[in-house]
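Undergrad: Residues per chain, in single letters:
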Amino acid sequence: MPEKEIEGRIFEVDGDGFLQNPEIWNDEVARLFAGEDGTGELSEDHWKVIRFIREHWENNDMAPMVRKICQHTGLRLRQIYELFPMGPARGACKIAGLPKPDGCV
Amino acid sequence: MEKKQSLTRDREKALKGFAMSMDGRLLAHLNSCVHCGLCAESCHYYLSTGEEKYMPARKVDQLARIYRRYHTVAGKIFPRWIGASDFNDQSIQEMVDVLFGGCTMCGRCSLHCSIGVDIPFLVRTARSMLVELGRVSPGLQSTVDAAVQTGNNMAIPREELVDTLQWLEEDLRMEVNDEKASIPMDVPHCRLLYTLNPREPKFFPLSISAMAKIFYAADESWTLSTHCYDVTNYAYYSGDDHTAEELTQRLFDEMIKLNAQELVLAECGHGSRAIRWEGPRWLKKKFPFPVISVIELIAGYIHSGRIAVDPSKNTTPVTLHDPCNLVRAGGVIEEQRYVLKKVVSDFREMTPNRENNYCCGGGGGQLSMGEYRERRVAAGKIKADQIKKTGAAIVATPCHNCIDQLMELNKEYSLGVEIKTVGELVADALIL
Amino acid sequence: MAESMNAARIVFLSGLGVFLLSAVYQWIRVFINANTEDFTQPKGTVLPAFAYALTGAMMPHKKETAFLHLPTYWMGIAYHLGSFVALAWLPVHFFEWRIPDSIMIVCAAVLIPSVFSGLIILIKRISVSSLRHLSSPDDYFSNALVTLFQAISSMALLGIIPVFLVLSIGGLLLMYIPVGKLRHVIFFLIARFFLSWFYGRRGVWPPKRRILWKKNNH
Ligand code: SF4
Ligand code: SF4
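Sequence lines, in order, name chains A, B and C.
If you count the first sequence from 1, position 33 lands on 169 in this note's numbering, and the numbers rise without skipping.
If you count the second sequence from 1, position 269 lands on 368 in this note's numbering, and the numbers rise without skipping.
If you count the third sequence from 1, position 192 lands on 206 in this note's numbering, and the numbers rise without skipping.
A couple of the hints might just be wrong.
[What the hints assert, rightly or not] Partner residues aside, some chain C positions facing chain B, computed with beta carbon under 7 Å:
#1 Asn-47
#2 Asn-49
#3 Glu-78
#4 His-147
#5 Phe-201
[As the list claims (entries may be wrong)] Label-pair distances were calculated between CB atoms; the ranges are:
#6 Ile-117/C <-> Glu-150/B: 46 to 52 Å
#7 Gln-55/C <-> Val-247/B: 52 to 58 Å
#8 Ser-28/C <-> Leu-106/B: 34 to 40 Å
#9 Pro-74/C <-> Leu-106/B: 41 to 47 Å
[Said to hold, decoys possible] Covered stretches of chain A, going by a simulated chain B footprint (3 or more residues, C-beta under 8 Å):
#10 142 to 153
#11 178 to 188
#12 191 to 203
#13 220 to 226
Worth flagging that the hints you see were computed from the coordinates, not collected in a lab.
From the three backbone atoms N, C-alpha and C, an ideal C-beta is built for every residue, glycine too.
Please put together the full structure from these sequences, using the hints given.
TA: The structure is reproduced here in structure tokens:
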């Protein structure tokens, strides 16, 4: 199992860098992941997206459609792509501590 | 006579499947490689890593050595002499490692092979054997399973799809300022049935909006299906013919059910290839309706004047990445260039291009096989360098799978470009 | 002399027999399993692609394996040319036909660069690690056997070596073709045909560089 070390903390991740034990996720982990993958400082808007994705995943066992992210956070689609340059999947979902979604992402 | 190791039952089954699939084409390709090794520099894996195990010829041998052992006289009597080997733990492990983890089945090697060995065809045949052994990479397998069980490879529930499409439709109406603009769902008797890569509704819907706008501009009679719309077919990649056939059959049935005249494949390289070029073989029948790529459709729209476009609406320099499965293995070669030259004012080819183009590194199902990510990104260096050289700020590519790989390359190699579908650029250039 | 010649004739005939039987067997096998029914909607045609595969696609400026390795490419061409010339002489030797000296000298002259090419290719296979790891004993043996056959052929043409030796080595070579990599002699055209089918049907070969607009266009 690959590991990822950020600021002295070691995380078990899959090959794509998605967290292997989603239950250890917390705000601190999100901050570390965001710093590591180039998303940078997390703003209020980032948090809105991350928290919504996380909540949706905890309740429904899957990442939300980007439409839902927009509707629940009040952000526009293009804003989401700007906030997370790696996109909602490899960017936002990864920071929110979700496992990697299937498909072309 | 060197005694063969005894085989477990699933290995026997895999070998039997291999023997069953041995038609003239497979026989020819299995028996032709001369180990000249000249193909090495045609493969982006070898070029970027220099590791011998990635040489296309070595990949040919992964399967050919099994063939020699079980299907040739010499291989049965003195296997070592001709490099034949048993189908054992070691050879299977190497197949998994290199044929799943080190080949995108891009076919660039075959185009240039001294002989003309269809290397990706052999790689896929070997993958089919690994299917029997349950050795498909878990990420790839779960993508296939999601498609089989839920009807799309990202397991999107139908209501969620419908909500998303309605949301996009509202946007479209606002954008074109016409209450009658629409994204039709499940409408029978349309001229076109359009398909989607599930990645579009789930995370990247701008490409759907773009196509809807183009259809609106062309005043097209089209529809999406909310039951069966997935253009991808990851079973093509995993080597699982049985499932590949089933997925194709579903789309086929949906066409018949909705009574559309043409099936239009979204910007998806492997999906286009699977449905158009492999599908009829899986279903063992001719399709009674034309199957075309949306790129061919758009080129036709522009050529016939059905839509009007203005290149001065896209002034940023644009380059084009040719998806292997659409171009080298699909023959859609000039259409995307024709379209881009009409909709952007500064179009730049990367070299090499067209059927000689390098794979981005994301093909072959690599994007779903996380365990090989490092290799995938390393192998993408060739593509990253190609893009840098053009100086373009936008990379257009008619394949969602390529887009995702290019997005990663963009970050890993600090390219500072934007990645778009061809449709998005066309939509931006539309004169309504 | 006549006795060794007759023995050589027998070796040659057995070699030819083994080669032909094996070739015919493989061709029939490919043919009856050819699976020629193609249900796809074509974007191009197969035969022009096959013609292109044997001409344009083999040209060094089109073929990357050639233009990245030009010396090897030309050595390969010389080597194959030499093999054809040497093989073509076998029936001549067999029947002891009389051939003008000038032709013999031209052929010997073709064979000399060919032998050197064969040797260099062999040395390359031994010394370059990526090729060595790709090779089985058969790869070296086949290369050496063909080179030896060419060398002996050229020497026989120059009258240095008795003809029965060429005939015997030629017979052994023919016998060995079906065993290892040399079987590409039997399969080359077929493999290239199937690849042309693939690229031809899909409209990739021959390269068109233009769009064939359909009449009832969109
Ligand atoms: S170029 Fe073709 S014949 Fe030569 S080693 Fe590669 S696959 Fe084999
Ligand atoms: S198909 Fe592509 S990735 Fe696979 S060996 Fe050939 S060039 Fe390399």
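Undergrad: Go through the numbered hints given earlier and state which of them the structure violates, listing their numbers in rising order.
TA: 7 and 11
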